[in-house]
Amino acid sequence: MTEAIDAEGLIKRFGQVAALDGLDLKVRTGEVHGFLGPNGAGKTTTIRILLGLMRHDGGRASLLGGDPWAQATELHKRLAYVPGDVTLWPSLTGGEVIDLLGRLRGGLDPARKKELLDRFELDPRKKGRTYSKGNRQKVALVAALASDVELLILDEPTSGLDPLMEEVFREVILQEKRRGDRTVLLSSHILAEVEALCDRLTIIREGRTVETGSLADLRHLTRTSIQAELSGPPDGLATMPGIHDFRTDNGKVRFDVDTDALEPALQTLVKVGVRSLVSQPPSLEELFLRQYQRSDEK
Amino acid sequence: MTGTAKLIRLILRRDRIVLPLWILLFGLLGVGTYASFEGLFPTDAERIQFASVSTDNAGLVALYGLLQGDSLAVLTSWRVGFVPMVIGLAALLTVIRHTRADEEAGRTELLGATVVGRHAQLAAALIVTATASVLIGLLTFVSMAGKTGNTGGSLAFGAELTVSGLMFAAVAAITAQLTSSARSARSIAVVVLGVAYALRVGGDISAIGDGGLTWLSWVSPLGWVTHIFPYGPVNWWPVVMSVLAAAIATNVAVELRKVRDLGDGLVASRLGPANAPAGLGHPLGLAWRLHRGLLLGWTAGFALLGLIFGGVGGSVLDIAESNQGLTDIFDRLAGGNGAGQLLDSYFAGIAGTVGLIAACYGVQATLRLRDEETAGHAEAVLTTSVSRFAWAASHLLFALLGPALALFAEGLVSGLVATDGNFGRILGGTMLQLPAVWVLAGLTVLLFGLLPRLSLVAWAAPVICVLVLLVGQTLQASQWLLDISPFTHVPHLTGGTVSATPVITLLVVAAALAAAGLFGLRRRNLPD
Ligand SMILES: Nc1ncnc2c1ncn2[C@@H]1O[C@H](COP(=O)(O)OP(=O)(O)O)[C@@H](O)[C@H]1O
Ligand SMILES: [Mg+2]
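In the order they appear, the protein sequences are chains A and B. Going by this note's numbering, the first residue of the first sequence is number 1, and it counts up by one from there. Going by this note's numbering, the first residue of the second sequence is number 1, and it counts up by one from there.
All the given hints hold, so there is nothing to weed out.
Heads up, simulated SDA-like pairs for lysine to any residue below, C-alpha to C-alpha not over 20 Å straight-line:
(1) A:K127 x B:A375
(2) A:K252 x A:V274
(3) A:K271 x A:E229
(4) A:K77 x B:H282
(5) A:K126 x B:A101
(6) A:K114 x B:P277
(7) A:K114 x B:L280
(8) A:K127 x B:A268
(9) A:K252 x A:T268
(10) A:K77 x B:L284
(11) A:K133 x B:D261
(12) A:K114 x B:G272
(13) A:K126 x B:G106
(14) A:K127 x B:L266
(15) A:K127 x B:G285
(16) A:K252 x A:R275
(17) A:K133 x A:P163
(18) A:K126 x B:A268
(19) A:K114 x B:N275
(20) A:K127 x B:L294
(21) A:K177 x A:E167
(22) A:K127 x B:N275
(23) B:K6 x B:A130
(24) A:K126 x B:L266
(25) A:K127 x B:I188
(26) A:K127 x B:A274
(27) A:K126 x B:A105
(28) A:K77 x B:S385
(29) A:K127 x B:G263
(30) A:K77 x B:G285
(31) B:K258 x B:A101
(32) A:K127 x B:A101
(33) A:K252 x A:L277
(34) A:K177 x A:D199
(35) A:K127 x B:R292
(36) A:K127 x B:H291
(37) A:K252 x A:V272
If you're looking for bench data, these hints aren't it; they were derived computationally from the structure.
Model the full structure from these sequences, guided by the hints.
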């Protein structure tokens, strides 16, 4: 088994609206896979199809080698899911919910539960109705992470966590990654999180996959921002292929450059003479924005 | 108060089915009862005799309050005397649903981020509930004034129902501030309602006896409203007192809201266990946790009903000795078959009423499935190794056996209290309602499985059955109309000949409805 999740050309309609319109998603076993898209892009819908909660209208989906709809109950023993909007039974305590979900999945590691409760600073004795959104999310995260499963499906898991807890979450996921025996699908629109955690990612928009690959694969699509102070006039630089938004002011230049045009651009700068240089690596933010600009232009 | 209008629109949208339903039902109950009494008492003599016997009957006074007069209108408003309590219940449930329940679910927090004032939520819930109460009163006033020609009396009658809603809306406004749990807020308000009822019963029973404890009725809001006597010796003071009490209670609620934070209650919530007990590890264990409060509450309530109905049954026996005409009336009240056995038809009628109440429990417990779905809890359970069928079955077990236990409690207690040696037939007649109760639960499963967004329409079923029962009492309704209600088909064990066919038919219908619903559930989106 090399692919934990394999979906191709998924289509899902809600009445007239197509929530998914030919979506592809492949997650390799053992990797942490980022699933990025703006609100309403179809992340939750995709996940619900993969979990057998909803049926797709077209395309093909397989989960852990099985049919997510027909074999839902057997497959669910091997995975844990944290929904985007966690709600708890008002009269059950957090600890009870963690144990309950763990047992329903087929087992929970009590030592791991205790460790996670400590790390997330969560009091398991409170009733479900008294937890804040962030704490409800923690309850679901502890229940999922303490379960003995091969696949974790996390739908925007940090949306209610404060920055400190977000950091704890990252550490815990990195720890999972080092263990190496778990696959994680992490849906998110927090780009820094995906950048820090994921091996590969899939970017979707309006129900369609716009880009997929490793972070390194996708960087070729982005531009690096350069600011430099030169000792001479920047002859010919403005018209070089791969250079964008060129501005010059009093011996200083600013421009964006495509990754594959970076080397010739730097050579030209060096020829002119460089006094100072600031370069900014492409953030996922820019990558994100560019994907959407590009597909708008199409 | 900013945003109140917006919130009112939101409440009206969320309650667009239930709200009109209860306004219509309670608003037209008076005129419906009047019409059915017209059919019941063809001659003045019969009516006057019925009134004179009822005036001193402890059981009937306990149920409906004191009877002061013998006109058709007086009898009608007296018979509707239990409705203030039901309106109070509807009002308090509505207020809590749109205040504390929303707050507990985090929906208020969401609204808080938009432009909504701190008191807007409470204001919106109270305005909607008060308006509904006024509409009930207005509907009662207009329909009864038209029917009786007595404008003043009808105005008092309408006011009686309106202020009942106002007072318990205000009670709920207070209890919603006390705890952080909607369930506790609801329970406290229902206990207040129950105590008010008990005090009224105590005071009224004393009034037909030695009169020593009459004051009890005057410390109970339900006592006030049943002492208005719309078509008899009208007393407007209770109306004034009720409106004042509602206003004061509303102010208290507003003050309490000021001193607490969003999400908190004034009474701190206790901590619970850090680990789940051994039983909480399978769908059935979870269903038990979610249904046990409902089960205990309904069963206790049914046992109480058994006590009242069984007690009234004893006094019915006294009436029986006095007059054959009255026996016929009771027989018709029970939708009876003319067997002429007063006590039999009385208990047959009670069994039908109790069956309808049990059906409400069945519908409510079945709708827990939908509640679990919309709250997002179903998603958490169904992405574990629990199948949709196992999940639904664990809840349906309580939805089907819960009403059975409740009916058993009522039949048992009333059979024991009635002391006429008919124990087995009273209990059996009560239990025979179960197949009809299950038909309504099955219908709810069908809606939940096939048309989940219309699940709440299931509440229309018991309402229609109540209307059929009311219409049926006049003996003028055509048979096909009566046949709509599964309760029409339940054989009367007390005083009737029992055939197994209708029971089996009802069971098959219930099973078919539930099976179709479960089939739909397996194929649909969840959540939908
Ligand atoms: N049950 C539903 N009924 C109708 N439309 C839906 C439903 N669920 C999702 N949608 C629509 O499908 C689209 C994708 O939603 P979703 O999968 O929740 O996006 P994301 O999780 O990426 O924010 C949205 O336009 C949303 O409005
Ligand atoms: Mg989502």
